[in-house]
Each structure stands twice: as structure tokens, then as C-alpha cells.
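Visitor: Sequence:
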Amino acid sequence: MKPAVHPEDLGLMPKTEFSRREFVTASLATGFALAVLPDAQAEVISTPTDGLVAGEVQIPVLGGDMPAYRAMPQGTGPFPMVLVVQEIFGVHEHMRDVCRRLARAGYVAVAPELYARQGDVSKLSDINAIRAVVNQVPDAQVMDDLTKTVAWAAEHSAADAERLAITGFCWGGRITWLYSAHNPDVKAGVAWYGRLVGEPSVMTPKHPIDVVAQLHAPVLGLYGSADQGIPNDTVEKMRAALKAAGKPGEIILYPDAPHAFHADYRPSYRKEPAEDGWKRLLAWFKQHGV
Numbered sequence: 001m002k003p004a005v006h007p008e009d010l011g012l013m014p015k016t017e018f019s020r021r022e023f024v025t026a027s028l029a030t031g032f033a034l035a036v037l038p039d040a041q042a043e044v045i046s047t048p049t050d051g052l053v054a055g056e057v058q059i060p061v062l063g064g065d066m067p068a069y070r071a072m073p074q075g076t077g078p079f080p081m082v083l084v085v086q087e088i089f090g091v092h093e094h095m096r097d098v099c100r101r102l103a104r105a106g107y108v109a110v111a112p113e114l115y116a117r118q119g120d121v122s123k124l125s126d127i128n129a130i131r132a133v134v135n136q137v138p139d140a141q142v143m144d145d146l147t148k149t150v151a152w153a154a155e156h157s158a159a160d161a162e163r164l165a166i167t168g169f170c171w172g173g174r175i176t177w178l179y180s181a182h183n184p185d186v187k188a189g190v191a192w193y194g195r196l197v198g199e200p201s202v203m204t205p206k207h208p209i210d211v212v213a214q215l216h217a218p219v220l221g222l223y224g225s226a227d228q229g230i231p232n233d234t235v236e237k238m239r240a241a242l243k244a245a246g247k248p249g250e251i252i253l254y255p256d257a258p259h260a261f262h263a264d265y266r267p268s269y270r271k272e273p274a275e276d277g278w279k280r281l282l283a284w285f286k287q288h289g290v
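Those letters in the sequence shown? Residues 1 to 290, per full-length UniProt numbering, in order.
FYI, nobody ran anything at the bench for these hints, they're computed from the structure.
Check each hint, because a few of them may be wrong.
Said to hold, decoys possible - Simulated pairs of lysine to aspartate or glutamate, EDC-like, Cα-Cα distance not exceeding 16 Å: (1) Lys123 - Glu93; (2) Lys148 - Asp185; (3) Lys279 - Glu250; (4) Lys286 - Asp160.
To be verified - Simulated DEER-style distance windows between Cβ atoms: (5) Gly289 - Leu62: 28 to 34 Å; (6) Gly198 - Pro78: 35 to 41 Å; (7) Asp256 - His156: 41 to 47 Å; (8) Asp50 - Ala151: 28 to 34 Å; (9) Arg131 - Pro267: 19 to 25 Å; (10) Glu56 - Glu162: 25 to 31 Å; (11) Leu62 - Asp276: 36 to 42 Å; (12) Ala26 - Pro200: 28 to 34 Å; (13) Gly55 - Pro248: 33 to 39 Å; (14) Gly246 - Lys123: 41 to 47 Å; (15) Gly77 - Phe23: 26 to 32 Å; (16) Glu275 - Asp65: 35 to 41 Å; (17) Gln74 - Ser225: 36 to 42 Å.
The beta-carbon is built from N, C-alpha and C at its ideal position, and this holds for glycine as well.
Use the sequences and the hints to build the structure in full.
Guide: As C-alpha cells, this is what we get:
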């Protein structure tokens with residue numbers, strides 16, 4: 001594998017390394033996060049594990065072992081790999097089910113709990129308390145943890161790290177863009193309604209629109225025109241930036257779809273764009289050799 005671009009080179013961290021921290025979260029919570037218990041009318045999808053190897057794993061990273069959920073086909077592989085980057089609510093049941101869906105499509109899918117050093121958001125019901133945890137997570141730490149996840153999967157989960165893709169939702173959608181600019185081994189990315197622009201901060205010094213020129217892989221962005229948190233004009237700015245940089249990415253803007261339209265456990269779920277987006281994800285990965 002080619003070496004990943006150092007986060008300093010993308011402006012994702014200051015010139016000093018992010019600090020070593022003890023882990024707050026040692027294992028994944030079961031079920032859904034407390035803040036996102038399924039709505040009574042939700043169309044919750046539950047993908048069975050028969051024919052799969054699926055469950056919690058521990059990944060060695062800076063400062064200790066990071067819990068993650070891994071799902072993969074039974075067999076010796078090697079299988080192409082997909083990093084699954086969590087919503088703001090962490091690696092709860094919906095994220096685990098996404099991993100199982102990808103495993104049924106033939107992938108090793110791993111979703112690391114990327115807030116493990118900062119806090120366990122699965123036990124928090126207040127969105128402001130969740131944001132307080134997430135705001136402590138530096139992009140540089142996330143980039144490093146994802147790279148170590150790829151290395152672990154290549155050694156322990158029959159993953160072919162040369163056929164690497166990434167997908168993420170909400171908070172993870174933004175990370176999908178950033179990691180596709182960080183790691184030259186990424187072959188394709190699919191970002192679900194991830195924020196594209198923003199003010200720089202110590203933890204988040206760059207945003208997707210700032211790293212377009214550094215993208216190593218084509219990224220498919222899946223967005224909703226009724227998303228109250230991601231204005232349509234920022235989607236258009238990202239489209240224009242991709243074109244200006246000569247990058248082969250694509251952005252789909254689903255009419256009237258809100259934020260989290262793929263989240264089948266929530267009232268925001270929209271069946272048609274969710275299913276269309278999933279088909280596009282699988283086709284995008286295959287198109288780009290994953």
C-alpha cells in the first residue's frame with residue numbers, strides 16, 4: 001500500500017501530534033443508541049447473520065484497543081473492504097446493520113467506534129450532550145484510526161486492502177470526503193448527507209470543500225434537497241469545486257428528501273431515495289474496482 005498522506009499535509013492537524021488519551025468506551029453498546037430508539041412507525045431493516053461472520057472486534061490504535069463492528073462473508077477471501085463511518089450517534093444497531101448488508105454483498109465491512117476515547121454517546125439521550133462529546137474528536141485522530149482499521153482488517157479479516165472503499169452517514173459523510181483525500185489506497189467513497197462546508201476549528205481545521213483538490217478517489221455524494229442542516233447552495237458549491245478540480249466525483253440531490261433519509265429506524269427515512277442510494281453505492285464501488 002502507498003503511505004497515507006499525513007494529516008499535517010491536508011491541514012487536518014497542527015504540527016504537533018494529537019495527544020494519547022485513555023479509552024472511555026471499551027465495548028460497543030447493544031441495540032440502538034438511547035437518543036435514536038426506533039420510532040413505532042419506522043421500517044427498521046434487520047439483516048440476518050447467517051452465512052456471515054459478524055460481531056464486535058477490538059482494533060489496536062494509539063492509546064489502546066478501539067471497539068468496532070465487523071461483518072464479512074464466511075470463507076477465506078480475500079474480500080474487498082468497506083470502512084463504515086458512523087452517524088453522530090455512534091456505532092449503534094443501524095450502523096451494524098449497514099455492515100451486514102455490505103457483507104451480504106461480498107465485502108468485509110468494519111465500523112470502528114471513533115468516539116471511544118471521548119465518550120459513550122450510546123447512553124446519552126440529549127443531542128447537545130452528544131455534540132459535546134463529538135466536538136472533542138479531532139479529525140487527525142479519526143484519520144489515523146481509520147488507517148489502523150484497514151491494516152487490522154487486512155491482517156485479521158481476509159480483507160484486500162488494495163480494494164478499499166469508504167462510506168459514512170451524517171457525521172461520517174463528512175469524514176468520507178476527508179478520508180478519501182487522506183489515504184491514496186481508497187478506490188471509492190460514498191458520502192451520505194455529510195456536511196461540506198464550515199468554519200475551521202482546532203478539531204476540524206478543514207472541511208470537504210477545502211480538500212477537493214487532494215481527493216485520491218471518486219466520491220459519490222448522496223444528499224436531500226430538504227436537509228435543513230446542509231443547504232442546497234453548499235451542495236452546488238461542492239459540485240462546482242469537483243468540476244473545477246477535474247475530479248470524477250458525483251453528487252445526487254434527492255428532491256424533498258430530508259437529512260438522514262437512509263435511517264430506516266427514524267421518521268426521516270424515505271424508502272425510495274434510500275433504496276436508490278444503496279443501489280448507487282454498490283454500483284459505484286463496482287465501477288471503481290472495489
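Visitor: Take the hints in turn and mark each one as holding or not.
Guide: Going through the hints against the structure:
For the hint linking Lys123 to Glu93, the alpha-carbon distance of about 13 Å falls within 16 Å, and the restraint holds. Between Lys148 and Asp185 the alpha-carbon distance is near 13 Å, which keeps this suggested pair within the 16 Å criterion. The hinted pair formed by Lys279 and Glu250 meets the criterion: a straight-line CA distance of about 15 Å does not exceed 16 Å. As the CA atoms of Lys286 and Asp160 are separated by approximately 14 Å, the hinted pair is consistent with the 16 Å bound.
A hinted range of 28 to 34 Å for the beta carbons of Gly289 and Leu62 is consistent with their spacing of about 30 Å. Checked against the hint of 35 to 41 Å, the C-beta distance between Gly198 and Pro78 comes to roughly 37 Å, which is consistent with it. Taking 41 to 47 Å as the suggested C-beta distance range, the pair Asp256 and His156 conforms, at roughly 43 Å. The beta-carbon spacing between Asp50 and Ala151, approximately 29 Å, falls within the hinted interval of 28 to 34 Å.
Between Arg131 and Pro267 the CB atoms are about 20 Å apart, so this pair conforms to the stated range of 19 to 25 Å. Between Glu56 and Glu162 the CB atoms are about 26 Å apart, so this pair conforms to the stated range of 25 to 31 Å. Evaluation of the 36 to 42 Å hint for Leu62 and Asp276 yields a pass: the beta carbon distance comes to about 39 Å. A hinted range of 28 to 34 Å for the beta carbons of Ala26 and Pro200 is consistent with their spacing of about 32 Å.
For the hinted restraint 33 to 39 Å between Gly55 and Pro248, the CB-CB distance of approximately 36 Å keeps it satisfied. The beta-carbon spacing between Gly246 and Lys123, approximately 45 Å, falls within the hinted interval of 41 to 47 Å. A C-beta distance of roughly 29 Å is found between Gly77 and Phe23, which places it inside the suggested range of 26 to 32 Å. Between Glu275 and Asp65 the C-beta distance comes to about 36 Å, which sits within the given range of 35 to 41 Å.
Against the hinted window of 36 to 42 Å, the Cβ-Cβ separation of Gln74 and Ser225 comes to about 41 Å, which satisfies the hint.
Violated hints: none; the structure is consistent with every hint.
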